[in-house]
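Enquirer: Here's the letter readout for the chains.
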Amino acid sequence: MIRYAYYPGCALQTVARDYDTSLRAVSRLLGFELVVLEGWNCCGAMSLPTANYLLSLALPARNLALVEEIGLPLVVACGTCLNTLRRSRHACNQRPEWRSRVQAALHRAGRTYRGEVEIGHALEVLAGPLALAKLRRQVRHPLKGLRVAVYYGCQLSGPGVQGLTPSSYLEELMTGSGAELVNISQKARCCGNNLVSTRPDEALPLVQEILNEAMTKGAQYLAVACPMCRHNLLAAQKCTAGCTPIPLRIAYFSELLAEALGVT
Amino acid sequence: MATAHYFPKTGMAMAEHDFPKLVASLAGGASLAACCQCGACSAVCPVAGPRDTVRQVIQGVRSGLRSWVLKSELPRVCTVCGYCTTVCPQGIEVSEVIYALKRVVLSSRPAGTSLFRDCFTHLAAALLPEAIQEQGLAMVLDREPLALLAFGPMALAMLGDGRTELPGENRKALVEVQRLYQAAMEMEAP
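Protein chains in written order, with numbering that gives the first Met the number 0: chain A, 0 to 263; chain B, 0 to 189.
With the rest of the complex left out, here is chain B (with noise of 0.2 Å):
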């Protein structure tokens, strides 16, 4: 990872132009270009520690350094709380260009990997016995995903407690809800 403290030079990679326009189109045209860099979003960050900050991300998207800034922690770990575009004197809505952000990182990610993996990972190592923990667990997941009945006694007990029930029957929202995913599916640009 680049080192926090200060910009990556340029030379580190490719400046790609048109990024800084697909960020923008993703995050439903919240533009950059207003940003002073005053660092206020930095400051209120609860997880920019010593990691890549936020005002250096968004100056990693303006130049257009695609690779530093889907290499950076910072879209992984943002927790959306929303403070950064609070605070921002110029308006930038920051947390829409992070979601682009995440949604960049996650379209990049190598064949064979799932964010489905990511979510579960921490819950499935309670659960599972350690034989199909770490490496294993990766395949388990992606490919066997009947392993997911493991988690079959956790549901029961959950039932059996009152915290989740069996799904009713909402035939009609459900049949809506697919027609306007269709129809994002297809009106959305990339």
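Chain A extracted, bound-state conformation (with noise of 0.2 Å):
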């Protein structure tokens, strides 16, 4: 069992704790084992840098102070946590006077931080060579038949920094637990985020056009790894419901996994 702390975050506790626990038993099979970090605070999400920076800064990097404590690497799987803990890092990198500000907040605290923590995706630890290798042998139930759509968003799409490097995590996954792969072209587009919430009218056509693209594809499930994702495309198909003729599911890409590898 390779070790790993976990970071759950405020939403894989609760309305997307299916993403938590069909990702944990995913990763116990797969062979890693996720230690949810002990203390762990709200990393802020991306409301905190329009009230203040230096706050936006200090309150993912308790978390980060945290996992130094317990030297393990860090797994995330929400694609907010993923940007916010890795800008705080990044800037901290970057910028020594607020490296200096976010140590002084942390200290008045009680904690340290040196910046050394290594922030992974769920993703980029399920989809390493080696785990993916033990996924083929291990599926007992393998997806055959299925049309499935992989969904990125914008947060886990930014290259190098923040997000994932380009990739094609979720398609190997899904390939590797026997699915079919649908294409489409709107994989990494950005999924309205807050807006969904404060401006409906405009954010949800942009969602709908991504749902539509999977949907005319011909894909009858759409993998996503991010809670924000699935809660606004969830809204945009509550939206169209009764209009369209085949159902297209949205699933956390762990819950699919799980059916494939014969999860109970």
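Because the hints were derived from the structure by calculation, they are not lab data. Mixed in with the good hints there might be a few duds.
In silico DMTMM-like cross-links for lysine to aspartate or glutamate, where the CA-CA straight-line distance does not exceed 20 Å [unchecked claim]: (1) A:Lys133 to A:Glu32; (2) B:Lys171 to A:Glu37; (3) B:Lys171 to A:Glu179; (4) B:Lys70 to A:Glu37; (5) B:Lys70 to B:Asp17; (6) A:Lys216 to A:Glu179; (7) A:Lys143 to A:Glu171; (8) B:Lys171 to A:Glu67; (9) A:Lys216 to A:Glu170; (10) B:Lys20 to A:Glu96; (11) A:Lys237 to A:Glu212; (12) A:Lys133 to A:Glu170; (13) A:Lys133 to A:Glu96; (14) B:Lys20 to B:Glu187; (15) A:Lys133 to A:Glu123.
Across the chosen pairs, the derived CB separations fall in these ranges [unchecked claim]: (16) B:Asn169 to A:Pro141: 38 to 48 Å; (17) B:Asp160 to A:Lys216: 26 to 36 Å; (18) A:Gln12 to B:Ala32: 37 to 47 Å; (19) A:Lys216 to B:Gly28: 38 to 48 Å; (20) A:Lys133 to B:Ser107: 24 to 34 Å; (21) B:Leu155 to A:Glu201: 25 to 35 Å; (22) B:Ser107 to A:Arg136: 19 to 29 Å.
The structure displayed is predicted, hence computed values, not measured ones. For glycine and all other residues, C-beta sits at the position ideal for the given N, C-alpha and C.
If you follow the hints, you should be able to join the two separate chains into one complex; please do so.
Expert: This is the structure in structure tokens:
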């Protein structure tokens, strides 16, 4: 078993609990132990930077300080958390003056932060070459005949610093579990984020375009890896309910993997 | 709102030369000085449609057109997807600048309105009786937060099907976060 520190974040503890449970079960089967970070706090999401720049770096950095204390690489599963944690680390590494301010603020909370944590998304772990090979061996109920489109959203698509480097993690995991891949061109498009709540009239049509593309190409499932994306895609789907002949099911990639691996 | 197709004449607003500095300081030092106005950011932006584009807003900030920039829709609708930062050939952290502009917009709101209300208006519209929607709703959420008890049934339903749970005791984390908050408030300028 390879051990990782696991930062669930607020969404996976509440509205995206299916994601959390399926991810843990699948990780265990593929040889990874996710150790939940003791005493973690909310990363501040995309709201905090609009209130206080220093706090928007220091709040995620407290979690990184906790990870440094237990000395394991960190895994997160939420796109927003990944982005926020990497943003904090990047700013501290690039700007010495902010690094010392973040350190001073954390010192007041009794923590020290050195900036050495590796932050990865669950996809990067589960779609590693060895884990993929293990997945192919262990599939009990291949998703044969299931037409799956994948959707990364924007937070996971930014290259290098904050997102995953241009990748095919989701595609590899889905084909690895026997599904038939449906390519959609909008897999990296933004899902609208909070705009779906504050200005639904403007945001929902953007999201519906993504759903429409998946449906016209004949996908039965849309595999996602971010709670915010799933929430917005479901909201858009609800608006068009009744007019679509083929129901498109929106699921976390880990739920599909759990099904293929025979998790009960 | 200013028309979106060409840059506003400076006659529309008084230039405030400290504005670019204020924005840069709120954005943690992200400078717009290197912007070459290529427009790559506008091209990838998912929300810049018929309204003011990212490129125009950046030029507005650089020119100190505070009131024009604050009237622009862009800081309000930006979803911070970050593609502008990704494509910028000059390496400008555009999303940090937009975060800073969102902050300026929020702090310049007239008294009696709150971000809280913005966020919950649509949720509440779906849940509260029609009588207190629209204008009444604004007042209710600003002045009578007890009206939020109307969310009770939804909260209970979410508890019932396991989508949320009552917050557990995490006293230590809470104390540390409070200290962080105080430190950040004292240490950050404006």
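Enquirer: Evaluate each hint against the coordinates.
Expert: Against the structure, the hints:
no. : hint                             : verdict
1   : A:Lys133 to A:Glu32              : holds (15 Å)
2   : B:Lys171 to A:Glu37              : holds (11 Å)
3   : B:Lys171 to A:Glu179             : violated (48 Å)
4   : B:Lys70 to A:Glu37               : violated (44 Å)
5   : B:Lys70 to B:Asp17               : holds (18 Å)
6   : A:Lys216 to A:Glu179             : holds (12 Å)
7   : A:Lys143 to A:Glu171             : holds (15 Å)
8   : B:Lys171 to A:Glu67              : holds (18 Å)
9   : A:Lys216 to A:Glu170             : holds (16 Å)
10  : B:Lys20 to A:Glu96               : holds (17 Å)
11  : A:Lys237 to A:Glu212             : holds (16 Å)
12  : A:Lys133 to A:Glu170             : holds (16 Å)
13  : A:Lys133 to A:Glu96              : violated (45 Å)
14  : B:Lys20 to B:Glu187              : holds (15 Å)
15  : A:Lys133 to A:Glu123             : holds (15 Å)
16  : B:Asn169 to A:Pro141: 38 to 48 Å : holds (42 Å)
17  : B:Asp160 to A:Lys216: 26 to 36 Å : holds (32 Å)
18  : A:Gln12 to B:Ala32: 37 to 47 Å   : holds (42 Å)
19  : A:Lys216 to B:Gly28: 38 to 48 Å  : holds (45 Å)
20  : A:Lys133 to B:Ser107: 24 to 34 Å : violated (55 Å)
21  : B:Leu155 to A:Glu201: 25 to 35 Å : holds (32 Å)
22  : B:Ser107 to A:Arg136: 19 to 29 Å : violated (59 Å)
Hints 3, 4, 13, 20 and 22 from the list above are not met by this structure, while the remaining hints are.
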